[in-house]
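If you want the building blocks of each chain, they are given just below.
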Amino acid sequence: MSVTAPSESSRDRVVGAVGFSILVPGLGHWMMGRKREALIWAAVCQLLMVGGFALAGGTQSDFGFPIGFGGIQFVFVMLPELGNFLVSQLCAAFFESVDIGGRYPENLPFRDLGYLMSGASGVLGAFCAAHAAGSLVIDRARSRPGDAPLAEGAVSPGCAAVATLLLPGLGHWMSGRKFKAFLLGGTILGMFLLGMALGEFADFHRSRHPYYWVGQMFVGVPGWLVALLTQGAKFDAVRVFQDVGLLFTTSAGFFNIIAALDAYARAEEDLHRRETN
Amino acid sequence: MQALLMVLFLVIFAAGLAVVLSCYRDDDPKFVMQGVRRRTLVFTVAVIGFAALAFLTSATVLYPS
Chain R
27 MSVTAPSESS
37 RDRVVGAVGF
47 SILVPGLGHW
57 MMGRKREALI
67 WAAVCQLLMV
77 GGFALAGGTQ
87 SDFGFPIGFG
97 GIQFVFVMLP
107 ELGNFLVSQL
117 CAAFFESVDI
127 GGRYPENLPF
137 RDLGYLMSGA
147 SGVLGAFCAA
157 HAAGSLVIDR
167 ARSRPGDAPL
177 AEGAVSPGCA
187 AVATLLLPGL
197 GHWMSGRKFK
207 AFLLGGTILG
217 MFLLGMALGE
227 FADFHRSRHP
237 YYWVGQMFVG
247 VPGWLVALLT
257 QGAKFDAVRV
267 FQDVGLLFTT
277 SAGFFNIIAA
287 LDAYARAEED
297 LHRRETN
Chain D
65 MQALLMVLFL
75 VIFAAGLAVV
85 LSCYRDDDPK
95 FVMQGVRRRT
105 LVFTVAVIGF
115 AALAFLTSAT
125 VLYPS
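Line by line, the protein sequences give chains R and D.
Going by the numbering used here, the first residue of the first sequence is number 27, and it counts up by one from there.
Going by the numbering used here, the first residue of the second sequence is number 65, and it counts up by one from there.
Hints in this document: simulated from the structure, not taken from any laboratory.
Since the model is a prediction, treat every value here as computed from it, not as a measurement.
Using N, Cα and C, we set each Cβ at its ideal position, and we do this for glycine too.
Be a bit skeptical, because a hint or two may be false.
[Stated by the list, open to error] Over the 10 Å line for every Cβ pair with chain D, so calculated as not near, a few chain R residues:
no., residue
1, Ile-66
2, Phe-102
3, Thr-213
4, Ala-278
[Said to hold, decoys possible] The following label-pair restraints were derived from C-beta to C-beta distances:
no., chain 1, residue 1, chain 2, residue 2, range
5, D, Met-65, R, Leu-49, 31 to 41 Å
6, D, Met-65, R, Arg-234, 21 to 31 Å
7, D, Gln-98, R, Pro-135, 51 to 61 Å
8, D, Val-106, R, Pro-236, 30 to 40 Å
9, D, Gln-66, R, Tyr-237, 20 to 30 Å
[What the hints assert, rightly or not] Chain R stretches covered by chain D per the calculated footprint, using a threshold of three residues with CB under 8 Å from any CB of chain D:
no., segment
10, 53-65
11, 77-84
12, 284-293
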């Protein structure tokens, strides 16, 4: 893939925006002066994270592990919540898992919804970083003297990436790549739904498959909706192709990350090409 | 029947992987489709090759005596 790369100073600013956004979603936008977007990102991500921890009784911590040295804990690793780094660390510290308190997590009525919310917060935090980086690229293109308006077919790389999270292929559609949009969207959603069917729609569940669940969360909004609708589904026996189903659904999530990266890179390439012309 | 289904799932997975990789590598639909065909074949043959090798070694040199 040949892509015209941004200048070194732009890359440094992009790295900064990504770092601040991972630390606190919205902070990267705030540093760029995009305060409205910053507040929206922050509110959505933090409400989902704190609400998710409250609904799940802090049991997200049961799926993570601390990293430290000499008795001092540096980081509590919880995936994908780590995409919203600071607040996920605070939640892990302040919400004691009900499991530790001797209560059964299974009795929490909205535990699965809580997992989905906190997981979505982490995934959104990561995509917020992509959005912040894309906003920088757009701002730079707009600030060039004598530049034509961006309206004609130009899409922000960050918006293209976030759109892929809303619906696989949507980011490519927005940048005018309809063939790739259908191909990628059809492949990712097809693999995800085939995998769910092979697992009798019971394989998107954090308690049963915590490692697979991390990948499945990256399918994005369609995956989250399917997970919400199938929370009650349970295995009544081990299915012949259950493992294939888990592999397909998890791979679909990872494929969607690549699709989002491609949507970002192609939109950025379009902007650079336009600048060069 | 189960073995055939496993091969079918392997081809589906290889095709999915090929689509994503080809879309990442190329932007032109013509090149993307060429890449999908080639990579699907390569991934499928590679996995079947490894499976055959594993089967043969487990039935011969790695078979407990």
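Going through the hints against the structure:
1. Ile-66: Ile-66 (chain R) is indeed farther than 10 Å from all Cβ atoms of chain D, at 30 Å.
2. Phe-102: At about 32 Å from chain D, Phe-102 (chain R) clears the 10 Å cut-off, so the statement holds.
3. Thr-213: Per Cβ check, Thr-213 (chain R) is inside 10 Å of chain D; nearest 4 Å; violated.
4. Ala-278: Nearest chain D Cβ is 8 Å from Ala-278 (chain R), so the label is violated.
5. D:Met-65 / R:Leu-49: 31 to 41 Å: violated, 53 Å
6. D:Met-65 / R:Arg-234: 21 to 31 Å: At roughly 27 Å between Cβ atoms, Arg-234 (chain R) and Met-65 (chain D) fall inside 21 to 31 Å, so the hint holds.
7. D:Gln-98 / R:Pro-135: 51 to 61 Å: Given about 52 Å between the Cβ atoms, the range holds.
8. D:Val-106 / R:Pro-236: 30 to 40 Å: Given range 30 to 40 Å: holds, Cβ gap about 33 Å.
9. D:Gln-66 / R:Tyr-237: 20 to 30 Å: Because 25 Å falls inside the window, the suggested range holds.
10. 53-65: violated (count 0)
11. 77-84: violated (count 0)
12. 284-293: Our answer is that it holds, as 5 residues pass the Cβ test (under 8 Å) against chain D, meeting three.
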